[in-house]
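According to this note's numbering, the sequence shown is numbered sequentially starting from 1.
Hints were generated in silico from the structure; no laboratory data involved.
As the structure is a computational prediction, the values presented were derived from the model and not from experiment.
Please note that the accuracy of each hint is not assured.
Derived EDC-like pairs (lysine to aspartate or glutamate); straight-line CA-CA distance at most 16 Å [stated by the list, open to error]: (1) LYS167 to ASP261; (2) LYS89 to GLU69; (3) LYS203 to GLU214; (4) LYS71 to ASP97; (5) LYS158 to ASP178; (6) LYS182 to GLU231; (7) LYS294 to GLU75; (8) LYS328 to GLU295; (9) LYS182 to ASP226; (10) LYS225 to GLU196; (11) LYS71 to GLU18; (12) LYS152 to GLU119; (13) LYS165 to GLU231; (14) LYS80 to ASP226; (15) LYS152 to ASP136; (16) LYS71 to ASP88; (17) LYS197 to GLU237; (18) LYS125 to ASP261; (19) LYS92 to GLU69; (20) LYS182 to GLU237; (21) LYS167 to GLU245; (22) LYS84 to ASP97; (23) LYS50 to GLU75; (24) LYS246 to GLU172; (25) LYS221 to GLU243; (26) LYS145 to ASP88.
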Amino acid sequence: MRLEQLLLYNFRNIERTELHPHHLFNIFYGDNAQGKTNLLESISLLGSLKSFRLSRNDELIKNNESYSEIKGETEKNGVKHQIKLRIDKENKQAWLDGKRINRPEAYLDCLRPVVFAPEEVNLIKGPPSGRRRLLDRAVFQTDNKYLADVQKYDRQLKQRNRLLKEKRPENELAPWTDELAKTGAAIRHARSRYIEKILPQVKDCYLHICGQQEQVNLFCKADTKDISELEQNLLDEFERQKEQEKRYGVTLSGPHRDDIDFLLNQRPLKSYGSQGQQRSFILAFKVAQALHLKEVYGEPPLLLFDDLTGELDRHRQNLFFEFLLSLKAQVFITTTEVQPLLDGGIRDGYFIRVEQGVFTTTVSDEV
């Protein structure tokens, strides 16, 4: 997967720019608050229709403008597509090859970026919702049915919660309970299968980044591979919580309440891992996600790393750069310091200076 052209119009502090990215490394450097992260965010939005920041639509539009646009030309397995995202204060609209999309599946298949942002390290110590979101976004990228199941589950959950809040009789609640258990079981099953697939790569990537023997692990709530058993387990959970649910008027069990356990040497990473170990774990998860995408689609996805050199010490940086070089993926990195990247062997690509939303492209010898 490649992004061959990117055009931005009125996106945050970027008035207008056109870039033709290198097929390997694209390094955006400069002082803070100049637009480096905005550029990565635009690629993430264009490829996934979601920002890795928690942003309102109006924050994505340049001051005193009514809308912003992001356009791209992509290439995947020799096939090119034109994609476009228009953002106004009320909504987002997307186009694929000149046609406005009604369903996102074909559009999302064009780019599939994998993003690492510094704030994602906070997911390890934060509430379970952040860890669920990290895993769910990864599963979405290789399982279109999963997206449909999550959307269906959200609709069913809202309906069941409404009935609980209104204290409706059991005969009205029961059909929604059954449907929620069925869809919830599919979600738990998909999460568990995804973790099973990428866990060996997470462990291998972590070893490459840290260069030492430490055991990492991932668990989610799915104590069986049999989806019918998962469904029955959910029904049992609902039954056990029945009186509390009636009291509080809300569904208390299900994949919307599950946590994802990150372990280091069989102990909770959030309690026993250093900041460097936690950063390395998130990076390992992201690279494993990219490797899995490569297995599924035959090409590596785009990799977006925000402030990469600020997140790792020099030893971990060099190990990680060595690993990145072996992937042969198209990579976009933001940094305030270019030298650590050059020292780590990152030279085959474009170095783009960013100043007040303006981009100037050079090569490594000119930095």
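Hints violated by the structure (numbers, ascending): 1, 12, 13, 14, 17, 23, 25, 26
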